[in-house]
Amino acid sequence: MIREIDCRGLACPLPVLRTKKVLDQIETGTICAIVDNPAAKENVIRLAAFMGCEISLKEKESNWYLTITKTKGVQA
Amino acid sequence: MKKGASVSWFSPVIMITGLVAGVLGALLVKWGNPANMGICVACFVRDIAGGIGLHSAAVVQYIRPEIIGFVLGAFLSAGFTNEFKAQGGSSPVLRFLLGALMMIGALMFLGCPLRMVLRLAGGDLNAVLGLAGFIAGIAIGVVFLKSGFVLSRAYPLARINGWVMPLAMVGLLALVMVKPGFIFFSKQGPGSQHAALLVSLGVGLLVGVLAQRSRFCFAAGVRDKILLNNSHLLVGFVLVFIAALLANVALKQFHLGFANQPVAHTSHVWNFLGLLLVGLSAVLLGGCPLRQLILTGEGNTDSGITFLGMLAGAGFAHNFLLASSPKGPTLNGQIAVIAGIIFCLIIGYANREE
Numbered sequence: 040m041i042r043e044i045d046c047r048g049l050a051c052p053l054p055v056l057r058t059k060k061v062l063d064q065i066e067t068g069t070i071c072a073i074v075d076n077p078a079a080k081e082n083v084i085r086l087a088a089f090m091g092c093e094i095s096l097k098e099k100e101s102n103w104y105l106t107i108t109k110t111k112g113v114q115a
Numbered sequence: 039m040k041k042g043a044s045v046s047w048f049s050p051v052i053m054i055t056g057l058v059a060g061v062l063g064a065l066l067v068k069w070g071n072p073a074n075m076g077i078c079v080a081c082f083v084r085d086i087a088g089g090i091g092l093h094s095a096a097v098v099q100y101i102r103p104e105i106i107g108f109v110l111g112a113f114l115s116a117g118f119t120n121e122f123k124a125q126g127g128s129s130p131v132l133r134f135l136l137g138a139l140m141m142i143g144a145l146m147f148l149g150c151p152l153r154m155v156l157r158l159a160g161g162d163l164n165a166v167l168g169l170a171g172f173i174a175g176i177a178i179g180v181v182f183l184k185s186g187f188v189l190s191r192a193y194p195l196a197r198i199n200g201w202v203m204p205l206a207m208v209g210l211l212a213l214v215m216v217k218p219g220f221i222f223f224s225k226q227g228p229g230s231q232h233a234a235l236l237v238s239l240g241v242g243l244l245v246g247v248l249a250q251r252s253r254f255c256f257a258a259g260v261r262d263k264i265l266l267n268n269s270h271l272l273v274g275f276v277l278v279f280i281a282a283l284l285a286n287v288a289l290k291q292f293h294l295g296f297a298n299q300p301v302a303h304t305s306h307v308w309n310f311l312g313l314l315l316v317g318l319s320a321v322l323l324g325g326c327p328l329r330q331l332i333l334t335g336e337g338n339t340d341s342g343i344t345f346l347g348m349l350a351g352a353g354f355a356h357n358f359l360l361a362s363s364p365k366g367p368t369l370n371g372q373i374a375v376i377a378g379i380i381f382c383l384i385i386g387y388a389n390r391e392e
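Going down the list, the sequences are from chains A and B.
For the first sequence, our numbering assigns the number 40 to the initial residue and increments by one for each residue that follows.
For the second sequence, our numbering assigns the number 39 to the initial residue and increments by one for each residue that follows.
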């Protein structure tokens with residue numbers, strides 16, 4: 040079961056902060072951030088890229104599901 | 039590394055937005071807007087408040103087409119890119135209050151963050167104090183963000199909700215064009231100085247489209263640098279300054295100094311505290327005054343409420359003699375700014391989750 044972080048309806052910069060908090064907590068693993076606006080989507084992608092994580096993106100009913108995989112050795 | 043998702047750190051659209059806003063901010067002065075006030079979201083919303091009679095300060099009454107353009111530019115841009123989304127319901131009364139306080143802080147300094155940058159680029163050194171206050175206010179806001187500050191979630195709404203504010207802008211445009219007797223137009227002072235209506239509207243639309251595409255935000259530029267060490271929005275902030283500076287020098291609009299700057303005062307403490315209140319309230323709201331207008335155009339009714347709060351705040355600021363003038367701040371304004379900062383600290387403290 041992938042841990043989901045529901046960032047829908049949250050204003051800037053909370054989607055990024057909440058995703059970062061979880062990514063900082065885990066050593067390795069996959070999480071899914073759910074966002075509902077393009078600015079938050081771009082910001083979370085930017086964060087994940089900055090942290091060296093793998094990202095895949097799926098759009099469903101005006102929401103974006105960002106699956107982020109943190110592997111060992113990446114920067115927190 | 040990435041699959042199906044790419045966002046560059048280096049964003050050309052942010053850079054273009056910064057350059058265009060900076061150059062047009064300088065040119066609008068040449069075309070008729072008040073000095074060092076080519077664009078000012080706070081001053082222009084205040085002028086609109088005067089134009090529709092929410093206050094009676096005769097020198098600052100004009101329905102500024104730039105503001106209408108920002109909202110409608112963002113509305114069109116969001117519509118064409120399928121990013122228009124009606125949503126809202128996040129702590130509306132707090133947002134209204136924060137919008138009003140943001141306006142009261144801006145009218146203490148005499149400018150929003152955008153005008154702060156344009157004033158700096160015109161050589162007005164008083165804006166250095168404003169910049170310092172803005173950064174300090176954002177830094178305080180970041181402390182709240184780190185300790186779990188959140189205004190409650192927004193939820194999707196029926197589309198009509200998102201249309202209300204853009205339609206209201208169309209209504210304002212009609213009023214400034216038709217000029218019915220109940221609309222006020224300044225005969226002298228800053229409110230009487232303006233570029234041709236279609237020029238102002240055109241600039242507003244262009245900047246509105248660009249700011250929608252780039253997610254441009256002055257508060258987020260500084261906030262993200264402090265909070266996440268991310269400079270990508272800050273680049274736009276700096277480019278507004280550089281572009282406006284070069285344009286002002288070329289147009290002979292650059293005058294370095296503290297004294298006798300246009301629509302400005304030299305009270306350092308209150309320039310600092312005014313923009314501290316703006317920076318702090320902007321972080322709690324999630325965006326600077328310009329960003330609130332852009333989000334309003336995208337269908338965000340929480341930002342729409344914030345915009346209405348700014349409009350009401352402008353009315354109070356002039357009716358209760360809170361707004362500064364070139365002579366300096368007023369006692370009422372000083373009390374209001376201190377009270378505003380205290381309110382923001384309470385709001386920041388009281389809305390922590392976890």
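In case anyone wonders, no lab produced these hints; they're calculated from the structure.
Each hint should be verified, as a subset may be incorrect.
[Unchecked claim] Straight-line distance between alpha carbons at most 16 Å, and here's what the computed EDC-like set of lysine to aspartate or glutamate pairs gives:
hint	chain 1	residue 1	chain 2	residue 2
1	B	Lys123	A	Glu66
2	B	Lys184	A	Asp63
3	A	Lys97	A	Glu81
4	A	Lys111	A	Asp45
5	A	Lys99	A	Asp63
6	A	Lys60	A	Glu43
7	A	Lys99	A	Glu43
8	A	Lys60	B	Glu121
9	A	Lys111	A	Glu98
10	A	Lys111	A	Glu100
11	A	Lys99	B	Glu391
12	A	Lys111	A	Glu43
13	B	Lys123	A	Glu98
Verification of the hints:
1. For the proposed pair lysine 123(B) and glutamate 66(A), the alpha carbon gap of about 36 Å is over 16 Å, so the pair is violated.
2. Of the supplied pair hints, the one linking lysine 184(B) and aspartate 63(A) holds, its CA atoms being roughly 14 Å apart against a limit of 16 Å.
3. Only pairs whose Cα atoms come within 16 Å are accepted, and lysine 97(A) paired with glutamate 81(A) is accepted, the gap being roughly 13 Å.
4. The suggested pairing of lysine 111(A) with aspartate 45(A) is violated, with an alpha-carbon distance near 24 Å, which exceeds 16 Å.
5. Between lysine 99(A) and aspartate 63(A), the direct Cα distance comes to roughly 27 Å. Violation of the 16 Å bound is thereby established for this hinted pair.
6. Of the supplied pair hints, the one linking lysine 60(A) and glutamate 43(A) holds, its CA atoms being roughly 13 Å apart against a limit of 16 Å.
7. The suggested pairing of lysine 99(A) with glutamate 43(A) holds, with an alpha-carbon distance near 15 Å, which does not exceed 16 Å.
8. Annotation: proposed proximity of lysine 60(A) to glutamate 121(B) is violated, straight-line Cα distance about 27 Å (limit 16 Å).
9. This hinted pair does not check out: lysine 111(A) and glutamate 98(A) have alpha carbons roughly 28 Å apart, beyond 16 Å.
10. With a CA separation close to 33 Å, the supplied pair lysine 111(A) and glutamate 100(A) exceeds the 16 Å bound.
11. For a cut-off of 16 Å, the pair hint linking lysine 99(A) to glutamate 391(B) is broken: about 28 Å separates their Cα positions.
12. The suggested pairing of lysine 111(A) with glutamate 43(A) is violated, with an alpha-carbon distance near 20 Å, which exceeds 16 Å.
13. Between the alpha carbons of lysine 123(B) and glutamate 98(A) the distance comes to roughly 15 Å, so the proposed pair stays at or under 16 Å and holds.
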